[in-house]
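S.K.: In case you want the letters, here they are:
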Amino acid sequence: MANIIQWEKDKGAALKRARAEKKHVLLDFFNPG
Amino acid sequence: MGAVTYPDPKVVQFIRDNMVPIQVLFDAQPIATEFNVKWTPTIITLDPEGKEHHRTVGFLPPEELIPSLMLGIAKSDFDQEKFGEALSMLDKLLKEYPRSDSAPEATYHQGVSKYKSTHDAKSLKAAYEKLQAEYPSSEWTKRAYPYRLI
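Chains as they are written, first to last, in the working numbering: chain A, 1 to 33; chain B, 1 to 150.
Some hints could be false.
What the hints assert, rightly or not - Here are a few chain A residues that face chain B, going by a calculated C-beta distance under 7 Å:
| id | residue |
| --- | --- |
| 1 | Asn3 |
| 2 | Ile5 |
| 3 | Glu8 |
| 4 | Ala14 |
| 5 | Leu15 |
| 6 | Ala18 |
| 7 | Arg19 |
| 8 | Lys23 |
| 9 | Val25 |
| 10 | Leu26 |
| 11 | Leu27 |
| 12 | Asp28 |
| 13 | Phe29 |
| 14 | Phe30 |
| 15 | Asn31 |
Since the hints were derived computationally from the structure, they do not count as laboratory data.
Since this is a predicted model, take the numbers as computed values, not measurements.
All C-beta atoms in this analysis are idealised placements derived from N, C-alpha and C, irrespective of residue type, glycine included.
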């Protein structure tokens with residue numbers, strides 16, 4: 001497995017995963033500039 | 001965050017083990033408005049239903065991000081009255097990152113979580129005494145000040 005964070009891009013998909021994996025969600029707002 | 005903190009192996013491992021990460025642009029809609037984001041980086045801990053429990057704004061190095069995320073998870077568990085799980089994460093935070101900026105707030109919530117799970121008010125006084133001894137200038141020591149009288 002790659003040693004990088006595998007970011008979700010969609011909140012709905014992230015919450016669905018969180019419920020299935022019984023984890024919390026890290027929501028990061030970033031500015032690429 | 002993207003250049004220094006997120007590539008850090010300990011950060012990658014912690015997030016992989018404990019969280020589902022989602023990254024969005026600061027102006028992505030409707031989510032930026034939903035969470036009232038005005039500055040970056042803004043990092044929010046959500047429970048699996050999407051409810052916010054903890055937020056930080058501004059850069060955090062790896063040794064501060066991990067305890068901040070631990071605190072967010074603990075606060076989420078506390079808010080959901082999972083006091084044992086909250087205590088477990090707070091104990092781990094204070095053992096592994098006792099000098100982090102999250103440690104004083106974690107100490108406060110450790111005392112409150114113990115009180116909520118045992119109804120023994122001495123937990124609150126013990127939290128104040130620990131805060132006074134280890135983090136005397138913290139705002140969390142001031143917030144716990146009334147507990148000295150217990």
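S.K.: Now tell me if each hint is right for this structure.
M.R.: Evaluation of the provided hints:
no. : hint  : in the structure
1   : Asn3  : 6 Å, holds
2   : Ile5  : 5 Å, holds
3   : Glu8  : 4 Å, holds
4   : Ala14 : 4 Å, holds
5   : Leu15 : 5 Å, holds
6   : Ala18 : 4 Å, holds
7   : Arg19 : 4 Å, holds
8   : Lys23 : 5 Å, holds
9   : Val25 : 4 Å, holds
10  : Leu26 : 5 Å, holds
11  : Leu27 : 4 Å, holds
12  : Asp28 : 5 Å, holds
13  : Phe29 : 4 Å, holds
14  : Phe30 : 6 Å, holds
15  : Asn31 : 4 Å, holds
Every hint from the earlier list agrees with this structure, and none is contradicted.
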